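Chemist: Given next are the chains, with one letter for each unit.
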Amino acid sequence: MKKEPIKVREESAEIRVGNFEEVVKGYSEEEALLEASRCLQCKNPVCISGCPVGIDIKKFIYQITQKDYQSAYFTIREKNNFPSICGRVCPAEYQCRKACILTKKGSPFASEQAINIHFLERFVGDYGKNNKLDVPVEKEERFSKFKVAVVGSGPAGLCCAGELARKGVKVDIFESLHKTGGVLRYGIPPFRLPWNVLDFEINYLKKLGVNFISNFLVGKAKSIKELFKEGYANIFLGLGAGVPSFLGIKGENLCNIYSVNEFLTRVNLMSAYKFPEFRTPVNIGKHVLIVGGGNTAMDAARVALRLQKLKGLALNTTVIYRRTEIEMPARRLEIEHAREEGIKFEFLVQPKEFIGDEQGFVKKLICLKSKLGEPDSSGRRRPVIIEGSEFELDCDLCVIAVGLKANQILINATPELKTDKYSDVIVDSESMESSIKGVFAGGDIVGGEGTVIEAMGMAKKASRAIIGNFLKKESE
Amino acid sequence: MKIVNKEIINDVGGVRITQLDIASGDIASKALAGQFVVLMVDDKGERIPLTLVNTDKNKGIVSLIFQEAGFTTRSLGKLNPGDTLYSLVGPLGHPTEIKKYGKIILVGGGVGIAEILPVARALKEAGNEITTILGSRNKELLILEAELKNASDEIYIMTDDGSYGRKGFTTDMLKELLSKDKYDLIYAVGPIPMMKRVALVSKEFNTKTLVSLNALMVDATGMCGCCRVSIFGQVKFSCVDGPDFDAHGVDWEELEKRNKVYGVQERHICNLSPAS
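Sequence order for the protein chains is R and B. Straight run, no breaks: the first sequence in my numbering ends on number 476. Straight run, no breaks: the second sequence in my numbering ends on number 1276.
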């Protein structure tokens, strides 16, 4: 008997565009049980190969069917430190769900029939959170004499710190912003990842003894060398990819043209949507354009729509993307949510030039139409501009969301740290050790923009290598 | 992040300029002339950049001087010794390039005078001959005259109303000096119109000119691009590529407009009075 996938409960589009509350409500126990019962428990569970950290998906889903949620939680936690976060932000349709046997062969992303692994993971993660299931700590006295500095408190840094602290290593996390969480805080809007979920994970690390040092910019306030001198045995760099790319077209510095990072940081980290109670302003327009097709573009579009609603403006936010919907790197769920909320899409469109008014504010975007040509190095078909296809779009606010590059401050301050042509840190792929002995790196600073779970995978590797270092020092 | 000392430097005609000395050993031990910090007054506050005016490495204290102009600087001015800032991060930006240039003119206007002080001291120590031009609306509003006198070989004061020094703009004096003698560098900080005029004048005489730009910022670590400026047609981030730039390459009109992007909100929030 074929069972239909269990749809996850969501806030209605009309209501949710008026606030920043979480959109996806998650499964109830009953729904989770029904969804878990759809799992075929394959002899050869191919879904696991789709998970960047190799969670035993088959096992945790089975444990759900047995209502043994505690065991399911620990099964996930063996590989994934942040199930509540990944269950919310993982692009499962490109990972485990795409690998699921129920996905049609050759499909570019998971079929609807594929098991909703991410929602089950979230259910289990939230169960663990709500029932305060702490993963058993394996603190060993012999590690307590080692101190590690983790630079950056995003997904990679948090994961590495947690892994080390669990073993009894003393960890200090340095964060340049006033709040911890990195991109999970300044980048991902609370309607996708509520702050209490993030705070739970950070508080757990604090309970483990991890020391958070905010407002501290390593590379300026202290160098890598100085950290070593202060007694840190090893250093982990989870610097992230936070440098925004721009289009490099005429008029791009006009007022009300934001990088996606600025727009999201103002609204998420600084709570600009609550101005003037919160003092950081953000502008909004009547004709908002978002350029790009990734998750940050979807986040920016949905934030812009909410700002329009809060301001009492007509909802008018359009995403323009130079390829077509199928090539969009965003999670399918985000595209779907954006569309439900009323965001418009213009595909095969390339920005050419911004036109401003006398006060220096943007008022129009001149665009070109394109068509898809041969596949490029990313395997996606390259957009080719159609000559003479120029047209204008009204635009009084634009957000550029066309990619993010490696953060540079610490890299520039540390010439011994070898980087590749993208300025990403070069590491040994097994140990994650950089060109400086005892300095490890992971997350987006290695290999560019990736996912939370990939960052976690790298951080785990690094933490194992760091523990290996300490064991070696022990036996010397 | 604890305020250890506060001094109202000036409070006349609705213009209040305040100095805060703040304990921060980490920043004090690293900061060099020309660098800045970003601070937040409280957990709902805005992140604003302020130039480091003085650093005492031994005591671990940094000093900021600011005009209480907007909501955040007014809130900051309400703090007292013993109070703690919610956030303070730095030192940020590249330090001013300090070396022996030869003969240098420093131009400071308004509260920008505070920002040229650390640069004046460092350049003087590097063996340069320093001529300083200070500009203010009137005698009462002039700040740090004695400190800059100490750091300069020659000093000229210009006031808009002629109530002190000479009547006129800093650029009037600049032009006079440049027509009489050759200088190796000009360093100017002040309101945008002043820096713009300095750039115009010094361009005529083909004298290398640096300015410290006061673009709006959020994170100030290169992540948002709010502070982007055009320098010789290239986009630069003031926070990580600056704040010092070649004045002859700055697109002043763009900077002026970008700095007014939140004019509406500023007017709105300035009608609210900061909690005392």
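For the record, the hints were derived by calculation from the structure and aren't laboratory data. Model, not experiment: these values are computed from the prediction. It is possible that part of the hints are untrue.
As the list claims (entries may be wrong) - Chain R residues, not near chain B, derived (Cβ > 10 Å throughout): (1) GLN66; (2) VAL137; (3) ASN253; (4) MET270; (5) ARG339; (6) LYS363; (7) GLU430.
Claimed, not checked - Per the computed footprint, the stretches of chain R lying under chain B, defined by three or more beta-carbons under 8 Å from a beta-carbon of chain B, are: (8) 167 to 179; (9) 398 to 409.
Stated by the list, open to error - Partner residues aside, some chain B positions facing chain R, computed with beta carbon under 8 Å: (10) ILE1003; (11) LEU1088; (12) VAL1218; (13) LYS1257.
Just so it is clear, CB atoms sit at the ideal spot from N, CA and C, and this is done for glycine as well.
Chemist: Next, verify each hint and record whether it holds.
Modeler: Here's how the hints hold up against the structure:
Chain B leaves R/GLN66 outside its interface by the beta-carbon criterion, the shortest separation being 45 Å against a cut-off of 10 Å. With a closest Cβ-Cβ approach of about 31 Å to chain B, R/VAL137 is found to remain outside the 10 Å limit, as its non-interface label requires. With a closest Cβ-Cβ approach of about 6 Å to chain B, R/ASN253 is found to fall inside the 10 Å limit, against its non-interface label. Taking the minimum C-beta to C-beta distance to chain B, about 7 Å, the non-interface status of R/MET270 is violated against the 10 Å cut.
Distance check on R/ARG339: its Cβ is at least 28 Å (rounded) from any Cβ of chain B, clearing the 10 Å threshold; non-interface status holds. At roughly 13 Å from the closest C-beta of chain B, the C-beta of R/LYS363 stays outside 10 Å, upholding its exclusion from the interface. A cut-off of 10 Å between C-beta atoms confirms that R/GLU430 is not in contact with chain B; the least separation is 30 Å. For the region 167 to 179 of chain R, the stated coverage by chain B holds: 3 residues have a C-beta nearer than 8 Å to a C-beta of that chain, and at least 3 were required.
Only residues whose beta carbon comes within less than 8 Å of a beta carbon in chain B count, and the region 398 to 409 of chain R has 3; three or more means the coverage holds. Contact between B/ILE1003 and chain R, as hinted, is not supported at the beta carbon level, the nearest pair being about 15 Å apart and thus beyond 8 Å. Hint status for B/LEU1088 relative to chain R: holds, with the closest Cβ pair at about 6 Å, below 8 Å. The criterion of a C-beta within 8 Å of any C-beta in chain R is met by B/VAL1218, whose closest approach is roughly 6 Å, and the hint holds.
Hint status for B/LYS1257 relative to chain R: holds, with the closest Cβ pair at about 3 Å, below 8 Å.
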